[in-house]
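*Asks:* Those protein sequences? They're chains A and B, same order as listed.
If you're matching positions, the first sequence starts at 18 in this note's numbering and goes up one per residue.
If you're matching positions, the second sequence starts at 22 in this note's numbering and goes up one per residue.
Note that these hints are calculated values from the structure, not bench results.
Any given hint might turn out to be false.
Per label pair, the in silico range of CB-to-CB distance [to be verified]: (1) 206(B) - 90(A): 46 to 56 Å; (2) 86(A) - 220(B): 40 to 50 Å; (3) 209(B) - 93(A): 27 to 37 Å; (4) 110(B) - 75(A): 49 to 59 Å; (5) 203(B) - 89(A): 43 to 53 Å; (6) 194(B) - 89(A): 33 to 43 Å; (7) 135(B) - 90(A): 25 to 35 Å; (8) 21(A) - 95(B): 30 to 40 Å.
All C-beta atoms, glycine included, are put in the ideal place defined by N, C-alpha and C.
Below are the chains, spelled out letter by letter.
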Amino acid sequence: MTPPELDSLLVDRATVGLAPEEAERLAALLAEHPDVDVEAYERLAAELDLALWGREERLPEGLGARLDAAAEAFIAELDAQA
Amino acid sequence: MNPLDPIARIRAADRAVGPSRSGDCVSAGDPILVRVAAGDGSAVRECQDAFGGLVWSIARRMLGATAEAEDAVQEVFIELWRSAGRYDPGRGTEVQFVATIARRRIIDRVRRLGRRLDADPLPEAPLEDDGPSSADNVELNDAAQRARAAMAELADGQRTVLELTLLKGLSHSEVAKSTNLPLGTVKTHARRGLIKLRELLADVADPLADAP
Chain A
18 MTPPELDSLL VDRATVGLAP EEAERLAALL AEHPDVDVEA YERLAAELDL
68 ALWGREERLP EGLGARLDAA AEAFIAELDA QA
Chain B
22 MNPLDPIARI RAADRAVGPS RSGDCVSAGD PILVRVAAGD GSAVRECQDA
72 FGGLVWSIAR RMLGATAEAE DAVQEVFIEL WRSAGRYDPG RGTEVQFVAT
122 IARRRIIDRV RRLGRRLDAD PLPEAPLEDD GPSSADNVEL NDAAQRARAA
172 MAELADGQRT VLELTLLKGL SHSEVAKSTN LPLGTVKTHA RRGLIKLREL
222 LADVADPLAD AP
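When you get a sec, could you build the whole thing from the sequences and use the hints?
*Replies:* Following this line, the structure appears as structure tokens:
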């Protein structure tokens, strides 16, 4: 069973994020409980987000071009490694 | 990197995956992220068409239609391409994987900013919304029904707090201010509500098994 403090920190991380001191405390607790699924609440939050909102919106003008450029840079990185 | 820092560990794992030319045999019918992980450049380009609208919608909802939101979207995509190898089709949909990464990055950014920007208001009745419109429509509509049913079982306070935090990215302090609830009560509602949802949804399916 997940300790309550650890559970609370994982919930906070999934919903509102953690302050640096909270992240440090979470790290310390996880070191004591290495079997805990650290992303379980994040995945649940994402599923709820998709289920309750889940809509797509058109990208603003300009952002698509930025993403295209970033994709080409990433592909060039891939090619350089090949 | 602090090896005990879970966030740093995740980031390090992502960096370790990096861009790769694995040489794995993939076909055009494979999931986009699987092809990205195999070094398929066309799949990298396809990501924007497949997931751009979803990632932008999360960013805009939490950060407003701002330059910050646009920067966040680009950051999410770079992380997606680099961590595509972590996607396991057997454990969840690509959309779930993308949404998890997007939320993590965007929540981090909201927190770094220390304040919310000009975000849009919540829909008037989010629980009665028409639901998702992504490529995984059927699956997500089932998930939406389950999630809405589970949300309906929460106490009013828990449901309100979770709508504001999960969907809007409001901090606990901001929720306390907008609802006139004490900060401690807001935190308790958020934690108990999400834990309750986890229990409720685990009875129907195991959302916690859908891992990015």
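*Asks:* For each hint, tell me whether it holds in the structure or not.
*Replies:* Hint check:
1. 206(B) - 90(A): 46 to 56 Å: Holds, since residue 206(B) and residue 90(A) (Cβ atoms, about 47 Å apart) stay within the stated range.
2. 86(A) - 220(B): 40 to 50 Å: holds, 45 Å
3. 209(B) - 93(A): 27 to 37 Å: Violated - the Cβ-Cβ distance for residue 209(B) and residue 93(A), about 50 Å, lies outside 27 to 37 Å.
4. 110(B) - 75(A): 49 to 59 Å: violated, 28 Å
5. 203(B) - 89(A): 43 to 53 Å: This hint holds: roughly 51 Å between Cβ atoms.
6. 194(B) - 89(A): 33 to 43 Å: holds, 41 Å
7. 135(B) - 90(A): 25 to 35 Å: For residue 135(B) and residue 90(A) the Cβ distance comes to about 30 Å; the hint holds.
8. 21(A) - 95(B): 30 to 40 Å: holds, 38 Å
In this structure, the hints that do not hold are numbers 3 and 4, in rising order.
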